[in-house]
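These are the residues of each chain, in order.
There are 2 protein chains.
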Amino acid sequence: MISGRCAACKNQRRRCPSDCIFSPYFPANDPQRFASVHKIYGGSNVGKMLQQIPPYLREQTANSLYFEAQCRIQDPVYGCVGIISKLYEQIHNTEIELAQIQTQITCHKLQLLHPNNAETNFNLLPTAEAQSNFQIPPESNNPPQFQWPNQVPWFN
Amino acid sequence: MISGRCAACKNQRRRCPSDCIFSPYFPANDPQRFASVHKIYGGSNVGKMLQQIPPYLREQTANSLYFEAQCRIQDPVYGCVGIISKLYEQIHNTEIELAQIQTQITCHKLQLLHPNNAETNFNLLPTAEAQSNFQIPPESNNPPQFQWPNQVPWFN
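Quick mapping for you: the protein sequence lines, in order, are chains L and X. Sequential numbering from 1 applies to the first sequence in UniProt numbering. Sequential numbering from 1 applies to the second sequence in UniProt numbering.
Chain L on its own, in the form it takes in the complex (with noise of 0.2 angstroms):
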């Protein structure tokens, strides 16, 4: 049935079949979608990996590897392992201001402890400020130099 295609085999110019693997995360009203994914994995790549994954999952497999293809058409070079490093650098940061807050903590959790041995400074205490870090990192032509594979310590 030509009129009821969906993207995928409207783009690879076949019949659509009834149990088509692509049909139901590909639809025909979405044709960039495919696209994206038949550009970085290649269409019968996509078609695997699908078949490899249990029917209720494929969704979810469907959205993860359009969102890495549109990351990698993106960022040719680093793709979603751009966004990776993003995110490390960023938890990095706040690690260190969070360390610097517990720190400040500390001493004047000492100076109400002997208000008598030390100046009562109130700027010493952090401010809203310390919550600067947590802005979502614009799209960046130049993304950090990939550690590798030290930024990532789980990965074997």
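In short, the hints are calculated from the structure, not lab data. No experiment lies behind these values; they were computed from the predicted model shown. Hints are supplied without guarantee of correctness; some may be wrong.
[To be verified] Derived lysine-lysine pairs resembling DSSO-like cross-links, with alpha carbons at most 27 angstroms apart:
| # | chain 1 | residue 1 | chain 2 | residue 2 |
| --- | --- | --- | --- | --- |
| 1 | X | K48 | L | K48 |
| 2 | L | K39 | L | K10 |
| 3 | X | K39 | L | K10 |
| 4 | L | K48 | L | K10 |
| 5 | X | K48 | X | K10 |
| 6 | X | K10 | L | K48 |
| 7 | X | K39 | L | K48 |
| 8 | X | K48 | L | K10 |
| 9 | L | K86 | L | K39 |
| 10 | L | K39 | X | K48 |
| 11 | X | K86 | X | K39 |
| 12 | L | K39 | X | K10 |
| 13 | X | K39 | X | K10 |
| 14 | X | K109 | L | K109 |
| 15 | L | K39 | X | K39 |
| 16 | L | K86 | X | K86 |
Given chain L's structure and the hints, the job is docking chain X onto it.
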């Protein structure tokens, strides 16, 4: 030269030309590296992607493709997106934690300014547990449900 073939040319059972696009990034002594990207992207797609990148960035590209391929092999449903999802969750939890610390600090500043109007309760101040969210998440067989696409706000 059969004996000097790179991992890609060995895998594809072909002659390895002197200007082989794979050779610098997929050495013969690490056949699993090429096997991984070949399984996920297909060898010819990897070659095409490398060709489109300036030579000085090809090593980073091969590394990130290998990383993403390994992620997809380990987690066929979520791949790299599973890691991104975990990191977002970690950042979200820490945002909440930092906001709580900010509130506690503000309360404590008020106590210092007006010591007679409030009890000094040292237990209100956060302790070192505040850093506990920064543990690298262990590899899990049950990755969190990836919310699509709200969890990655800058993704178009």
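### Query
Within 27 angstroms, alpha carbon to alpha carbon, are K86/L and K39/L?
25 angstroms, holds
### Task
With a cut-off of 27 angstroms on the C-alpha distance, tell me whether K109/X and K109/L pass.
Holds, because 12 angstroms separates the two Cα atoms, which is no more than 27 angstroms.
### Message
Need the status of pair K39/L, K10/L: alpha-carbon distance at most 27 angstroms?
### Response
Satisfied, since the Cα-Cα distance of roughly 15 angstroms is no more than 27 angstroms.
### Message
K39/X and K10/L were given as a pair; does the straight-line alpha-carbon distance stay at or below 27 angstroms?
### Response
At roughly 25 angstroms apart (the allowed maximum being 27 angstroms), K10/L and K39/X satisfy the hint.
### Query
Taken at face value, is the distance from the CA of K10/L to the CA of K48/L at most 27 angstroms?
18 angstroms, holds
### Given hint K39/X paired with K39/L - CA-CA distance at most 27 angstroms
Status holds; Cα separation ~16 angstroms.
### Task
Would you check the hint for K39/X and K10/X, treating anything up to 27 angstroms between C-alpha atoms as holding?
15 angstroms, holds
### Query
Has the given pair, K86/X with K39/X, been kept, meaning a C-alpha gap of at most 27 angstroms?
25 angstroms, holds
### Task
For the pair we were handed, K39/L and K48/X, check the Cα-Cα distance against 27 angstroms.
The given pair, whose Cα atoms are some 10 angstroms apart, holds under the 27 angstroms limit.
### Satisfaction of hint between K10/X and K48/X, Cα-Cα up to 27 angstroms
Holds, at roughly 18 angstroms.
### Query
Going straight from one Cα to the other, do K86/L and K86/X come out at no more than 27 angstroms?
14 angstroms, holds
### Query
Does K39/X pair with K48/L here, judged by a C-alpha cut-off of 27 angstroms?
10 angstroms, holds
Violation of the numbered hints given earlier is absent; every hint is satisfied by the structure.
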